[in-house]
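Residues 20 to 101, numbered by this note's numbering, are exactly what the sequence shown covers, in order.
I should point out that these hints are in silico values taken from the structure, not numbers from a laboratory. From a predicted model like this one, the values you see are computed outputs, not experimental measurements. Any given hint could be a false lead.
[Claimed, not checked] In silico BS3-like links for lysine-lysine, alpha-carbon gap of 25 Å or less: (1) Lys-31 to Lys-47; (2) Lys-31 to Lys-84; (3) Lys-68 to Lys-84; (4) Lys-83 to Lys-47; (5) Lys-35 to Lys-84; (6) Lys-67 to Lys-84; (7) Lys-68 to Lys-31; (8) Lys-35 to Lys-83; (9) Lys-47 to Lys-84; (10) Lys-31 to Lys-83; (11) Lys-92 to Lys-31; (12) Lys-47 to Lys-35; (13) Lys-35 to Lys-92; (14) Lys-67 to Lys-31; (15) Lys-67 to Lys-47; (16) Lys-68 to Lys-47; (17) Lys-68 to Lys-83.
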Amino acid sequence: MTNEDQITGFIKYRGKRRIYSADYEADKSDDLVRLFPENFTAAVPAIKKLPDLSYEETALYLLKKVVDEEVEKVGQSRPFYS
20 MTNEDQITGF IKYRGKRRIY SADYEADKSD DLVRLFPENF TAAVPAIKKL
70 PDLSYEETAL YLLKKVVDEE VEKVGQSRPF YS
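Input sequences plus hints: build the corresponding full structure.
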């Protein structure tokens, strides 16, 4: 892989209560995008670039998905008061 095949960048996503940000790396040679969110402990597994989106848009989609999953987990762990 040459340096021209690799893209790195930074994205932000505004959730309901806070702004989430992440670094991402993309590998053009096999169309993989890997996300390194600052608010979570580990890198997210790489996914194939989505066909109609750029590498940056794919990373943003992935960040939104990770945030939504984390928010859903927190919501499920809260007790329900009636």
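Now for the hints, and whether the structure bears them out:
{"no.": "1", "hint": "Lys-31 to Lys-47", "in the structure": "22 Å, holds"}
{"no.": "2", "hint": "Lys-31 to Lys-84", "in the structure": "13 Å, holds"}
{"no.": "3", "hint": "Lys-68 to Lys-84", "in the structure": "14 Å, holds"}
{"no.": "4", "hint": "Lys-83 to Lys-47", "in the structure": "22 Å, holds"}
{"no.": "5", "hint": "Lys-35 to Lys-84", "in the structure": "14 Å, holds"}
{"no.": "6", "hint": "Lys-67 to Lys-84", "in the structure": "14 Å, holds"}
{"no.": "7", "hint": "Lys-68 to Lys-31", "in the structure": "18 Å, holds"}
{"no.": "8", "hint": "Lys-35 to Lys-83", "in the structure": "11 Å, holds"}
{"no.": "9", "hint": "Lys-47 to Lys-84", "in the structure": "22 Å, holds"}
{"no.": "10", "hint": "Lys-31 to Lys-83", "in the structure": "9 Å, holds"}
{"no.": "11", "hint": "Lys-92 to Lys-31", "in the structure": "21 Å, holds"}
{"no.": "12", "hint": "Lys-47 to Lys-35", "in the structure": "32 Å, violated"}
{"no.": "13", "hint": "Lys-35 to Lys-92", "in the structure": "15 Å, holds"}
{"no.": "14", "hint": "Lys-67 to Lys-31", "in the structure": "20 Å, holds"}
{"no.": "15", "hint": "Lys-67 to Lys-47", "in the structure": "10 Å, holds"}
{"no.": "16", "hint": "Lys-68 to Lys-47", "in the structure": "9 Å, holds"}
{"no.": "17", "hint": "Lys-68 to Lys-83", "in the structure": "15 Å, holds"}
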